[in-house]
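Can you make the complete structure from the sequences, with help from the hints?
Quick note: the sequence shown uses my numbering, first residue 1, plus one each step.
Wrong hints could be hidden among the right ones.
[As the list claims (entries may be wrong)] Straight-line Cα separation of at most 27 Å, DSSO-like style, residue types lysine-lysine; simulated pairs: (1) LYS381 x LYS365; (2) LYS160 x LYS228; (3) LYS421 x LYS368; (4) LYS295 x LYS284.
No lab work stands behind these hints, which were simulated from the structure alone.
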Amino acid sequence: MNERKRTLRRIALYYLLLAFNIIPNANIIPDSFPTRNVSTIYLLSVCVCLVLYYYHRVTPTGSLSVMMKSISWMALFLILLRGIKYSVFAEIAVFARHIWYLYYVPMLLIPLLLFYISLLVAPKDDFRIPKGWYWTLGVTVIFIALVLTNDMHQLVFSFKPQFEGWDNDYTYGVLFYAATLWRYILYVAAIVMLVIKCRIVSARKNAWIIVIPFALGIALNLLLVTGKILKANGANILEFPEILICTVAVVLECCIQLGLIPTNTDYGKLFQKFSISAQITDKKGNAVYSSYSAKPLTAEQFSMTGGSRIDEHTVLHKMEIPGGFGFWQDDMTELDRLNVELEEAKEGLAEEAELIRLRNELKEKQTKTEQRTLVYDTIAKRTQRQSQLISHYAETARKSDDINVKETMRGRITLLGAYIKRYANLMLLSQESSAVESGELGLSVSEVLRYLNFCGIPGEFFSNAGCTVKADAALSVFEAFETLLETNISSIKGAFVNLSGQDGVLFKLTLENLTESLTQNDINALSLVGVSYDILQEDGVAYISFSLPKGGEAV
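Written out as structure tokens, the structure reads:
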């Protein structure tokens with residue numbers, strides 16, 4: 001409630017200062033020496049006060065300080081242009097007109113600076129304007145250039161031929177409305193961002209107060225543009241420059257009073273409420289700011305270096321700052337007690353640390369064993385069918401007296417054994433990395449084909465692939481390769497495999513006298529890991545291709 005009342009009082013003060021300017025504007029005071037140009041002198045004085053006020057209220061360094069102070073200087077520049085237009089060059093039309101155009105330099109830069117202030121309000125003091133917003137400066141500069149060159153295109157203000165009666169008889173062009181819209185977009189965006197960024201709950205609740213000066217400024221501008229503003233002695237009681245400056249100053253004051261913009265005040269109250277013993281002194285040791293709990297420093301304590309103990313359990317810290325020194329005291333009683341206890345516990349902790357190390361080492365070994373056991377269990381589950389076939393082939397060979405049957409079963413057992421061995425190797429590699437070298441897949445296929453030759457079925461392998469492939473894709477293709485050999489072992493007469501590719505692996509499998517192809521479930525399993533499958537059969541020969549996606553870097 002206090003913030004709201006204080007802010008409303010400040011708003012009233014600013015508009016009272018604006019109202020004082022009605023007296024010279026309305027020609028109530030004679031426009032002759034020594035009262036000539038009273039309006040300009042008065043407004044310049046107010047703007048100088050505004051400059052000094054911002055220098056006092058805003059922190060002396062940082063981009064936020066530069067923007068706030070720049071706004072006050074832009075206001076001073078605008079009033080200076082106003083005075084020059086109506087006094088120095090009042091009788092020289094071309095100069096007066098271009099001074100009028102120069103109004104739009106501060107008029108367009110002030111909302112841009114306010115928008116940049118809203119970007120700079122952040123927890124970090126060294127925050128900079130994001131480069132992504134620099135385009136707003138470009139748009140503003142373009143509008144300024146278009147206004148300053150209005151005599152060439154007259155798209156901002158349109159005059160009669162030869163600029164006859166230019167000061168009173170003109171119309172607004174499309175660029176005037178575009179520039180005005182741009183200004184108000186920046187104003188609204190700045191205020192909205194300040195409210196959103198503010199972390200003070202009371203400030204956000206009272207943010208509606210900013211609408212008051214904003215709405216009054218728009219209303220006064222509309223009255224001025226439409227010629228409906230009150231007149232006295234044939235002159236407008238207010239002109240555009242002072243309306244603009246008053247509106248911006250009141251909006252900024254509301255933001256400052258509500259806490260939307262951080263300012264440089266109440267340091268004394270802040271230090272008094274500190275819970276720590278802290279104080280700031282000048283170069284001679286005289287206290288400038290001090291907390292309630294801070295004790296006055298003696299001359300001996302003032303000359304001590306930082307980190308010195310001033311009694312058994314109190315440490316005095318010292319830091320040099322511009323214009324003086326900062327001091328704060330730390331009560332080390334609790335810390336000293338803890339240090340004693342820490343020393344007593346150190347030996348016990350050393351033993352406990354060694355015990356924890358051994359325990360962690362044991363856990364690490366146990367975890368690795370469990371992970372490796374899990375991998376072996378997975379391999380056993382995925383090769384269960386092949387293991388059962390090996391048992392079946394061994395039993396068949398044992399029961400048969402036919403030497404040919406025994407040789408056939410022996411060949412098939414070695415073939416399945418080679419597959420299980422190589423599948424386990426690929427599985428272990430897949431646990432280490434999501435990608436494997438294409439050469440590992442090639443070695444696995446090559447070994448299986450070598451044992452296929454022992455079964456009396458010619459098998460050849462060729463590879464020029466030189467990349468990595470996804471491990472799960474390699475496993476799925478190797479499984480599909482084994483499935484085709486296993487289901488057609490009694491019928492196929494030869495097998496040829498060609499691995500090729502650099503950005504991915506093309507696995508080409510040629511089988512002679514293929515009788516059973518992959519099932520739909522097998523094809524779906526390949527598709528899930530990104531492997532495309534294609535088969536073409538001609539004259540008893542099956543041409544099968546698997547396209548494996550390229551993997552990442554193998555480790």
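Consistency of the hints with the structure:
1. Taking the CA atoms of LYS381 and LYS365, the gap is near 24 Å; set against the 27 Å cutoff, the hint holds.
2. This hinted pair checks out: LYS160 and LYS228 have alpha carbons roughly 23 Å apart, not beyond 27 Å.
3. A distance of roughly 21 Å separates the Cα atoms of LYS421 and LYS368; the hinted pair therefore holds under the 27 Å criterion.
4. Between LYS295 and LYS284 the alpha-carbon distance is near 17 Å, which keeps this suggested pair within the 27 Å criterion.
In this structure, every one of the numbered hints holds.
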